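Visitor: Okay, here's what each chain looks like letter by letter:
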Amino acid sequence: MRRFRATLASLFVTTTLVVAGCSSGSPGGNAAQAGEPVSGGSLTWAVETEPITFNPHQYAQAKTRLLVWNTFEALLTHDDKGGYLPWLATGYEVSPDGRAYTFKLRTDVTFSDGTRFDAAAVKANVDQLLAPNYAPAVAAVQLKNLDKVEVRDAATVVFRLRKPDVLILDFLSSPQGAQISPKSLQEAENLKAGGPQLAGTGPFVLDRYTPGQEVHFTRNPAYNWAPPNAGHSGPAYLDEITYRFLKESSVRVGALTSGQVQLIEGVPATDESLISATPGLSLQRGLNSGSTYSYYFNTAHAPFDDVLVRQAFREALDVPAVLAGVYRKTATRAWSVIGPTSPFYDKSLENTYGANAQKANQLLDQAGWTARDAEGFRTRDGKRLTVRLVQSAPFVRDRRDVLAQAVQAAVKQSAGIDLQVQLVDQGTATKALADGAYELFDNSRADTDAGAALNLMLYSTGSINRTGFKNPQLDKLLDDAVATTDQAGRTELYRKVQQLVITDQALVLPLYAPQDQIAASRSVGGVGFEPTAGVPGSAYRLWLGK
Amino acid sequence: MITAILRRAGAGLLVLWAAATAAYLALLAAPGDTVDAIVGDGADTPGIRAQIIQEWHLDRSAVVQYLDFLLRAAHGDLGRSYLLQRPVSAVIGSQLAPTLKLAVAAAVFGVVLALLFAVTARRLTSTAGLILVSTPPFLIGIILLSIFSFRLGWFPVSGDRGFAALVLPAITLGLPIAGTLAQVLRDGLDRALDEPFAVTARARGLRESGVLIRHALKHALLPAVTMLGWSFGVLIGGTVIVEQVFGRPGLGQVTVQAVNSSDLPVVLAVVILAAAVFVVINTVTDLAYLLIDPRLRRS
Numbered sequence: 001m002r003r004f005r006a007t008l009a010s011l012f013v014t015t016t017l018v019v020a021g022c023s024s025g026s027p028g029g030n031a032a033q034a035g036e037p038v039s040g041g042s043l044t045w046a047v048e049t050e051p052i053t054f055n056p057h058q059y060a061q062a063k064t065r066l067l068v069w070n071t072f073e074a075l076l077t078h079d080d081k082g083g084y085l086p087w088l089a090t091g092y093e094v095s096p097d098g099r100a101y102t103f104k105l106r107t108d109v110t111f112s113d114g115t116r117f118d119a120a121a122v123k124a125n126v127d128q129l130l131a132p133n134y135a136p137a138v139a140a141v142q143l144k145n146l147d148k149v150e151v152r153d154a155a156t157v158v159f160r161l162r163k164p165d166v167l168i169l170d171f172l173s174s175p176q177g178a179q180i181s182p183k184s185l186q187e188a189e190n191l192k193a194g195g196p197q198l199a200g201t202g203p204f205v206l207d208r209y210t211p212g213q214e215v216h217f218t219r220n221p222a223y224n225w226a227p228p229n230a231g232h233s234g235p236a237y238l239d240e241i242t243y244r245f246l247k248e249s250s251v252r253v254g255a256l257t258s259g260q261v262q263l264i265e266g267v268p269a270t271d272e273s274l275i276s277a278t279p280g281l282s283l284q285r286g287l288n289s290g291s292t293y294s295y296y297f298n299t300a301h302a303p304f305d306d307v308l309v310r311q312a313f314r315e316a317l318d319v320p321a322v323l324a325g326v327y328r329k330t331a332t333r334a335w336s337v338i339g340p341t342s343p344f345y346d347k348s349l350e351n352t353y354g355a356n357a358q359k360a361n362q363l364l365d366q367a368g369w370t371a372r373d374a375e376g377f378r379t380r381d382g383k384r385l386t387v388r389l390v391q392s393a394p395f396v397r398d399r400r401d402v403l404a405q406a407v408q409a410a411v412k413q414s415a416g417i418d419l420q421v422q423l424v425d426q427g428t429a430t431k432a433l434a435d436g437a438y439e440l441f442d443n444s445r446a447d448t449d450a451g452a453a454l455n456l457m458l459y460s461t462g463s464i465n466r467t468g469f470k471n472p473q474l475d476k477l478l479d480d481a482v483a484t485t486d487q488a489g490r491t492e493l494y495r496k497v498q499q500l501v502i503t504d505q506a507l508v509l510p511l512y513a514p515q516d517q518i519a520a521s522r523s524v525g526g527v528g529f530e531p532t533a534g535v536p537g538s539a540y541r542l543w544l545g546k
Numbered sequence: 001m002i003t004a005i006l007r008r009a010g011a012g013l014l015v016l017w018a019a020a021t022a023a024y025l026a027l028l029a030a031p032g033d034t035v036d037a038i039v040g041d042g043a044d045t046p047g048i049r050a051q052i053i054q055e056w057h058l059d060r061s062a063v064v065q066y067l068d069f070l071l072r073a074a075h076g077d078l079g080r081s082y083l084l085q086r087p088v089s090a091v092i093g094s095q096l097a098p099t100l101k102l103a104v105a106a107a108v109f110g111v112v113l114a115l116l117f118a119v120t121a122r123r124l125t126s127t128a129g130l131i132l133v134s135t136p137p138f139l140i141g142i143i144l145l146s147i148f149s150f151r152l153g154w155f156p157v158s159g160d161r162g163f164a165a166l167v168l169p170a171i172t173l174g175l176p177i178a179g180t181l182a183q184v185l186r187d188g189l190d191r192a193l194d195e196p197f198a199v200t201a202r203a204r205g206l207r208e209s210g211v212l213i214r215h216a217l218k219h220a221l222l223p224a225v226t227m228l229g230w231s232f233g234v235l236i237g238g239t240v241i242v243e244q245v246f247g248r249p250g251l252g253q254v255t256v257q258a259v260n261s262s263d264l265p266v267v268l269a270v271v272i273l274a275a276a277v278f279v280v281i282n283t284v285t286d287l288a289y290l291l292i293d294p295r296l297r298r299s
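Those protein sequence lines, which keep their order, are chains A and B.
For the first sequence, full-length UniProt numbering begins at 1 and goes up steadily by one.
For the second sequence, full-length UniProt numbering begins at 1 and goes up steadily by one.
Don't read these hints as lab results, they were simulated from the structure.
Computed from a predicted structure; not experimentally measured.
One or more of the hints may lead you astray.
[Claimed, not checked] Listed next, the stretches of chain A that the computed footprint assigns to chain B, with coverage defined by at least 3 CB atoms under 8 angstroms from CB atoms of chain B:
# : region
1 : 129 to 137
2 : 287 to 299
3 : 362 to 371
4 : 403 to 409
5 : 455 to 469
6 : 480 to 489
[Said to hold, decoys possible] Derived CB-CB ranges, DEER-like:
# : chain 1 : residue 1 : chain 2 : residue 2 : range
7 : B       : R72       : A       : A321      : 49 to 59 angstroms
8 : B       : D190      : A       : Q422      : 24 to 34 angstroms
9 : B       : F163      : A       : E375      : 26 to 36 angstroms
Backbone N, C-alpha and C define an ideal beta-carbon position, used for all residues, glycine too.
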């Protein structure tokens, strides 16, 4: 749910801003066609991805985030400037040492099973997250610095940390930090799978799930605690909403154009012109938060242990040209490891490198890769300049395998680099990573706070550090950035991180900023993206115009 | 008679065991282990790994895990899905009916169409059959959807919701079957019509259509029934694509997801189920031979 401010006028402004902020999009919002918000009606939304789990604690698929907030809510929510707004908590205080976060909770909230929401419920949720065999990744990453949770009174809860960690706020605004009824936590038959048995506090209740087909939500009539940027208050407009799982993009588009569904997400570049050309439909794009889709250089061995070769690879590639070849004009080129919508994004990196074949060739000459073999590839001491990119097929999306082929052709032509793309199963990919049998690693992460992604990817002991780059100065910057509570201080620290990683060390080749698209019938109002996360919003703001 | 049935059942069980074991060995031989698969592309630390190993008892040797699986499977317990965190029986149980419904509907459609083709338009069969067999079901599905759902709005695009939603998927899946069956039928008919009994029938003054339907068709059916038994396996495999295109629930989607994520308990259960279906179908085909051909009944 793109949680806009209350009035319609500002709603229009915000929508326009969002659209302007994206690479392109349909002009204006679709509020005009759908008219004033009205209560009632039902919608069908065709989505690409069926969730593996409906338990928000187990959340791992950014594509399913739009479903989470229908049923569940968190203590805080993100605004669109990197800050936080009250939700189930009315506010919070941080102790001067940054190790105690005290939350004041709303007292008028009940879960859909009738259980009261209070401080004990918050503690029950954290206890569950830390329980053995429940959510090991959350316990090891988001809650790694949590010491204990104290219930001071029914409406006050204190999170005590072992060391300062501002990312605890990000966690408490995330699906993994969403609040499940303590009664469900104890009684649900398949707790980790979630579903109708798990009660939340959200504006809808998940009442029917048909695996492989659809999930159905009904309005929660008692709902009256929307966050301030939700666009309205009280119960949701829609009586009910069905999300149908349609994996094939052409089928989603056909279902929309034939009026069988009113909304779809995941519109392929090739179909965007069709949507835009259809009078009754609108198209919106939102850039995701987190880290950009980038290639990470493995610095553990040759050839990318040499910064000159890393720079050369970046110079050899004309990123806009390959993006245009694969995604037409719909992709947004990335310049940093941090996404361009993040408050920490360093805009000064733009146009500082890339698309300079002459420089690439000079750098490679300098690094000793001077000779060429019969096929035109560069060699050094008789060894060809070969680099391997291993992609795990189940996780390839956005046609990243095709993009890799375009990169392969480009660097061969411009600098004689032999890029070998291996599209393999998950087991083979994991083995290649464990054995260091790769020179490039590709990844994007949808964390709402880009710092969370950087800690995993860039920290010397980070659990997804595939560069093999270990640098005490970088670790210190990342540590300081999560120990600092003020936004300006964090921005400055992350600017230094980006300078070090992108400019000085050339550890990363950023390619594009991942995005989501929504195409909708113009009779649907309130269509938009969730602030900060940049993924399609929940159904709370949607209405069906007459 | 009873010994024959017992022998049949014993052989069926042996097939199930062999299929499950082969699948188990194949997954064991695949690169990466279960822990890798569960970690996926998420955060990966020794602590997280230790918890996963503990949760699913992966510290036991492969042989012990295999024996444990067999023992539990013998008691009807297929375990829990690593990925979906639900009992395998629940994961598969809810998806079995839509897949079977689709497979049966497609088989019926395929048989009817093949018979029509073979009897009424024998000369067309070979070309039409070749086109149908060599067109990927994915393409057939998209084309059918574009015309009959997106353009004409006759059928809904997706889901397991009544007869209307079954029509297009069943046609998509049934067309290639019809192509193959029609070829086999036509071949059988041509041969039967050259037999002396066809000449005799004609000499008795029977019309050509009578010769075809009353005499030749029975002869042509035998290889076609064999073919149909085989194509039921193709149908089950074909549902993978058809279910994806039409957004239908079913085993195909479950299987793809389970294989991609090395969800061992689900993969094994699907393999056992598929093997069981094959055993049943083969038995039914054998019985059908007896019905069709009186010569087999006597011996």
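Visitor: Sort out which numbered hints this structure fails and list those numbers smallest first.
Guide: 2, 3, 4, 6, 8 and 9
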